[in-house]
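> Take the given structure of chain A and dock chains B, C and D to it, following the hints.
4 protein chains.
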Amino acid sequence: MSTTIKTLQLADARRIIAAATKKAEEIKQPMCIAVADAGGNLLAFERMENAWMGSIDISQKKAWTSRAFDIETGQLAAHSQSGGQFFGIHASNDGKVMIFAGGIPIKQDDKVIGSIGVSGGSGEQDHSVAEAGAAAF
Amino acid sequence: MSTTIKTLQLADARRIIAAATKKAEEIKQPMCIAVADAGGNLLAFERMENAWMGSIDISQKKAWTSRAFDIETGQLAAHSQSGGQFFGIHASNDGKVMIFAGGIPIKQDDKVIGSIGVSGGSGEQDHSVAEAGAAAF
Amino acid sequence: MSTTIKTLQLADARRIIAAATKKAEEIKQPMCIAVADAGGNLLAFERMENAWMGSIDISQKKAWTSRAFDIETGQLAAHSQSGGQFFGIHASNDGKVMIFAGGIPIKQDDKVIGSIGVSGGSGEQDHSVAEAGAAAF
Amino acid sequence: MSTTIKTLQLADARRIIAAATKKAEEIKQPMCIAVADAGGNLLAFERMENAWMGSIDISQKKAWTSRAFDIETGQLAAHSQSGGQFFGIHASNDGKVMIFAGGIPIKQDDKVIGSIGVSGGSGEQDHSVAEAGAAAF
Chain A
1 MSTTIKTLQL ADARRIIAAA TKKAEEIKQP MCIAVADAGG NLLAFERMEN
51 AWMGSIDISQ KKAWTSRAFD IETGQLAAHS QSGGQFFGIH ASNDGKVMIF
101 AGGIPIKQDD KVIGSIGVSG GSGEQDHSVA EAGAAAF
Chain B
1 MSTTIKTLQL ADARRIIAAA TKKAEEIKQP MCIAVADAGG NLLAFERMEN
51 AWMGSIDISQ KKAWTSRAFD IETGQLAAHS QSGGQFFGIH ASNDGKVMIF
101 AGGIPIKQDD KVIGSIGVSG GSGEQDHSVA EAGAAAF
Chain C
1 MSTTIKTLQL ADARRIIAAA TKKAEEIKQP MCIAVADAGG NLLAFERMEN
51 AWMGSIDISQ KKAWTSRAFD IETGQLAAHS QSGGQFFGIH ASNDGKVMIF
101 AGGIPIKQDD KVIGSIGVSG GSGEQDHSVA EAGAAAF
Chain D
1 MSTTIKTLQL ADARRIIAAA TKKAEEIKQP MCIAVADAGG NLLAFERMEN
51 AWMGSIDISQ KKAWTSRAFD IETGQLAAHS QSGGQFFGIH ASNDGKVMIF
101 AGGIPIKQDD KVIGSIGVSG GSGEQDHSVA EAGAAAF
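Chains as they are written, first to last, in full-length UniProt numbering: chain A, 1 to 137; chain B, 1 to 137; chain C, 1 to 137; chain D, 1 to 137.
The shape of chain A in the complex, shown without the other chains:
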């Protein structure tokens, strides 16, 4: 009685990272880029030349977060500020929940099958690079 789910695999992750990298180069902002599978587990990661080393962790956690809650981290941010319905969620899951833009779930047939997380610039830049990566799938 097991069930079947779809998930990203390594070949997808490479293509997604390549597309995200291209976008990051266009906007001239070096990024850390991570791709996770349907189980929230990391498939691939790259840090571009001169990307912030603090973004290594953040990009991976953005990827995890957007799969863990099937939501863009930028949208989660809207609910997670002081006064919002999810304020405090950043303290859950041993600090793995990133509540600012840059993480995007990747869907197929309306099911989340993985995610991308980007960190290295402004929230807007991170999100646009993540979108470019997600669009490559």
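Think of the hints as simulated: they come from the structure by calculation, not from any bench.
These numbers come from a predicted model, not from an experiment.
Using N, Cα and C, we set each Cβ at its ideal position, and we do this for glycine too.
Be a bit skeptical, because a hint or two may be false.
Claimed, not checked - List of simulated lysine-lysine pairs, DSSO-like, C-alpha gap at most 30 angstroms:
#, chain 1, residue 1, chain 2, residue 2
1, B, K107, B, K96
2, C, K6, B, K28
3, C, K96, C, K6
4, A, K111, C, K6
5, C, K107, A, K6
6, C, K28, A, K111
7, A, K28, D, K6
8, A, K6, A, K111
9, D, K28, C, K96
10, C, K96, B, K96
11, D, K28, C, K107
12, D, K22, A, K22
13, D, K28, C, K111
14, B, K6, C, K111
15, C, K96, D, K6
16, A, K96, A, K28
17, B, K6, B, K96
18, D, K22, C, K107
19, C, K22, B, K22
20, B, K96, A, K96
21, C, K6, A, K96
As the list claims (entries may be wrong) - A few chain A residues that don't get close to chain D, going by computed Cβ distances all over 12 angstroms:
#, residue
22, T3
23, Q29
24, K107
25, Q125
Unchecked claim - If you anchor each label on the Cβ, the simulated ranges turn out as follows:
#, chain 1, residue 1, chain 2, residue 2, range
26, B, E25, D, D70, 55 to 63 angstroms
27, B, R15, C, G123, 29 to 37 angstroms
28, B, E124, C, Q108, 36 to 44 angstroms
Coordinates of chains B, C and D only, in the frame set by chain A:
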């Protein structure tokens, strides 16, 4: 001169989870549901099909929090925002304190004997499912 | 180019826990029993009456470990003692790796699709209860 | 009077991972492969199809460890068993020190400029794949 306390046990937890699940199905929002005993320790947990994986941790911590402070987590939220008297409490207890709705203490004879924690939807949805579970006791 | 994987679901987890509980009752040793899916994420958990509260965490981590390395935790133990090729693995993954008996991967068509973790007695008891649970799939 | 250091960069990491992957395919054992720079910070990571999810963390920490102590993790193992001069080192650095084979420092002009960490098989397999990766530099 030890004392006696009342506590939920596994059979209660199963009934509480079943009632919460029924409510979650009615509102069509899959949930993670956790029940803790009077000692704050987990008795039982279920993740419904398609519930967020990030809610596994949160539901258990909501159950813990509502027993640890004998309060609904939605009520704790009111005091825990920036500017509130308990702001910062989410960083205590190794990050186990959840300060948003979905956790409810379960009482008997006006004493807290356990708790339920629910995560998987909006704060309002989580709370309503937790209430349905608590009412089953 | 995504791929498809099989995974345990909640209905499976309930059946597995019921079978494990039956075995635990037979050997008169209360247990904590956890079942994880193919992504290593918890599906369901129950703590039997009088089971050790320290086993709540251990049973969940045994389930995670046996999926994370596709191995029985009792077999992992053989390689993880001082002098063994994996000695030190217990310090990885933020302390989630349990290197003693009680965790078993659950397979279908020779693929791991989830796992069970049991804690509450001797290594031999934990393993036998986990086996009874796994056999119910 | 600052100084200059040499370090691996992303292009190197890709070449190293490609070579390691080729070796892993030859020995038919899927691996997680991580490459760090001279600062011990992750440059790139790939998880091959069916590699253990528990190896995601371990491969990255093997890379960190072999740069952090400028030593192969398999050699560190020799001193880190119970009774050895470094026994207990696995508990330092927040659990980032991996004391079993699979991590190798990468040198240029006799200076460590980065490292590779591999996890997914036996210690011998992990080490041979790491060696193949390191040789590609």
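> Next, verify each hint and record whether it holds.
Evaluation of the provided hints:
no., hint, verdict
1, K107(B) to K96(B), "holds, 21 angstroms"
2, K6(C) to K28(B), "holds, 24 angstroms"
3, K96(C) to K6(C), "holds, 24 angstroms"
4, K111(A) to K6(C), "holds, 15 angstroms"
5, K107(C) to K6(A), "holds, 18 angstroms"
6, K28(C) to K111(A), "violated, 44 angstroms"
7, K28(A) to K6(D), "holds, 24 angstroms"
8, K6(A) to K111(A), "holds, 8 angstroms"
9, K28(D) to K96(C), "holds, 27 angstroms"
10, K96(C) to K96(B), "holds, 17 angstroms"
11, K28(D) to K107(C), "holds, 20 angstroms"
12, K22(D) to K22(A), "holds, 26 angstroms"
13, K28(D) to K111(C), "holds, 16 angstroms"
14, K6(B) to K111(C), "violated, 45 angstroms"
15, K96(C) to K6(D), "violated, 36 angstroms"
16, K96(A) to K28(A), "holds, 28 angstroms"
17, K6(B) to K96(B), "holds, 24 angstroms"
18, K22(D) to K107(C), "holds, 28 angstroms"
19, K22(C) to K22(B), "holds, 26 angstroms"
20, K96(B) to K96(A), "holds, 13 angstroms"
21, K6(C) to K96(A), "holds, 26 angstroms"
22, T3, "holds, 19 angstroms"
23, Q29, "holds, 15 angstroms"
24, K107, "holds, 21 angstroms"
25, Q125, "holds, 19 angstroms"
26, E25(B) to D70(D): 55 to 63 angstroms, "holds, 58 angstroms"
27, R15(B) to G123(C): 29 to 37 angstroms, "holds, 33 angstroms"
28, E124(B) to Q108(C): 36 to 44 angstroms, "holds, 39 angstroms"
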